[in-house]
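Next come the chains, spelled out residue by residue.
There are 2 protein chains.
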Amino acid sequence: MPRSVKGLEGAGEWYILKELIPELKEKNVLDLGCGFGWHCRYAREQQASSVTGVDISEKMIQRAREMTNDPLISYIKASIEDIDFSISQFDVVISSLAFHYIKSFKSVCEKVSNCLKPGGSFVFSVEHPIFTSRNEQDWYYNELGNRLHWPVDNYQIEGIRETTFLNENITKYHRTVSTYINDLINTGFIISAVKESVPSDEMLKSIPKMIDENRRPMFLMISVEKGK
Amino acid sequence: MPRSVKGLEGAGEWYILKELIPELKEKNVLDLGCGFGWHCRYAREQQASSVTGVDISEKMIQRAREMTNDPLISYIKASIEDIDFSISQFDVVISSLAFHYIKSFKSVCEKVSNCLKPGGSFVFSVEHPIFTSRNEQDWYYNELGNRLHWPVDNYQIEGIRETTFLNENITKYHRTVSTYINDLINTGFIISAVKESVPSDEMLKSIPKMIDENRRPMFLMISVEKGK
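Each protein sequence line maps, in turn, to chains W and R. If you read the first sequence in this note's numbering, its first letter stands for residue 1, the second for the next number, and so on. If you read the second sequence in this note's numbering, its first letter stands for residue 1001, the second for the next number, and so on.
Watch out, some of these pointers could steer you wrong.
[Claimed, not checked] If the Cβ cut is set under 7 angstroms, some of the chain R residues that face chain W in the computed set are:
hint : residue
1    : N1142
2    : N1146
3    : W1150
4    : I1157
5    : V1177
6    : S1178
7    : I1181
8    : N1182
9    : V1194
10   : E1196
11   : P1217
[As the list claims (entries may be wrong)] Here are some chain W residues pointing at chain R (derived, C-beta under 10 angstroms):
hint : residue
12   : L148
13   : V152
14   : Q156
Bear in mind the hints are in silico, worked out from the structure with no lab data behind them. Backbone N, C-alpha and C define an ideal beta-carbon position, used for all residues, glycine too.
From just these sequences and the hints, can you work out the full model?
Printed below as a string of structure tokens:
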């Protein structure tokens, strides 16, 4: 499963997600879909007391392990749907661009709620439902190859989307903005903020084409709190 | 300003909005952008103790007054931005398809919060940001006149959209889903539910073309509670 690379479109996601993440100092942090462990190491730089990273990819977990010798970061190879931590084990749960690969978001909400302390934070990003509505996740071009607009279709038809990224086939799960939000609320979370990606000034300066990121949101970020 | 007609696309909005409206019995209800007073009369059918309807259109308010002799419904000709009710005067504030005509949603939130009792409900619908992103609020067609998809563009560029409805020019204000939600949260509201319009079974049976309403959401409905 290819992942977005920090510094490319990932940068548009991270500079917003970071703003939503609470103070991590002396917190026990869980990272769902940790990939190469970038956010786990970030959490430790912020002086988290412990960080647990979970990813289904053996290869990524292995790379993540190689990239640190910090005894306070531990990596677990598991599917996000299969996590089974102690009740109230974590203060903060983060996840970057992983849940659109997961079939049931409701079950993610329940698992996270179980292992999060009352008053704890859950902050995540996903590909935006405007971005994932079609199998062809691309602009609509005219015959000159110019981007005319971003096409939305079958928005209300949730489920599998078969798409490609760097010539590889990828299965994603499209769901609506309202499903993300209502699943969280119905699990008992309180919505703190909802963000939709916009290009940063820095991105616009270095890559002028990034202005198109204002034309449709690529990422959706949500931060919630577990009721006390 | 033309308004959607109950029974046409309005039906797709109302059957969802209705589910979000709390029990109105013995409640003091405010309806912002009441038009011909349809929701005001509905609230009284639900045994609301009093209903106040506000609309900027003299003509609509006049028609609304003609359509009832209920002494417990009162109509006020005013812009939603200019309302000035007593603190905690209402138990429930509703609004159907009006706020996308209002420049500042934040100021609406503040006005509503002021006149709503602690624990009171605020439930409204607007045209969905996916629907309002472009000036041309229409499907993208191929040369045979078939609907190819719904085009989204300039999603992150909030502000005026100049569009037409039944040959009349209309000014709307586009804003993002996240702006609607964050303005509410930052005013102190707690998000209870977010819905995006889908065609009802009834609509699909009577107008098969309504299946296209699954392709993009036309309306966004949000219900929130004022903290106690």
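Here is what the structure says about each hint:
1. N1142: violated (11 angstroms)
2. N1146: Result: violated, 12 angstroms to nearest chain W Cβ.
3. W1150: Since the shortest Cβ distance to chain W is 5 angstroms, the answer is holds.
4. I1157: Because about 6 angstroms separates I1157(R) from the closest Cβ in chain W, which is inside the 7 angstroms limit, the hint holds.
5. V1177: holds (6 angstroms)
6. S1178: Since chain W brings a Cβ to about 5 angstroms from S1178(R), closer than 7 angstroms, the hint holds.
7. I1181: Hint holds; I1181(R) Cβ to chain W Cβ min 5 angstroms, cut 7 angstroms.
8. N1182: This hint holds: N1182(R) lies near chain W, its Cβ roughly 6 angstroms from the closest one there, short of 7 angstroms.
9. V1194: holds (5 angstroms)
10. E1196: holds (5 angstroms)
11. P1217: Because about 6 angstroms separates P1217(R) from the closest Cβ in chain W, which is inside the 7 angstroms limit, the hint holds.
12. L148: Hint holds; L148(W) Cβ to chain R Cβ min 7 angstroms, cut 10 angstroms.
13. V152: holds (5 angstroms)
14. Q156: Interface hint status for Q156(W): holds (4 angstroms vs cutoff 10 angstroms).
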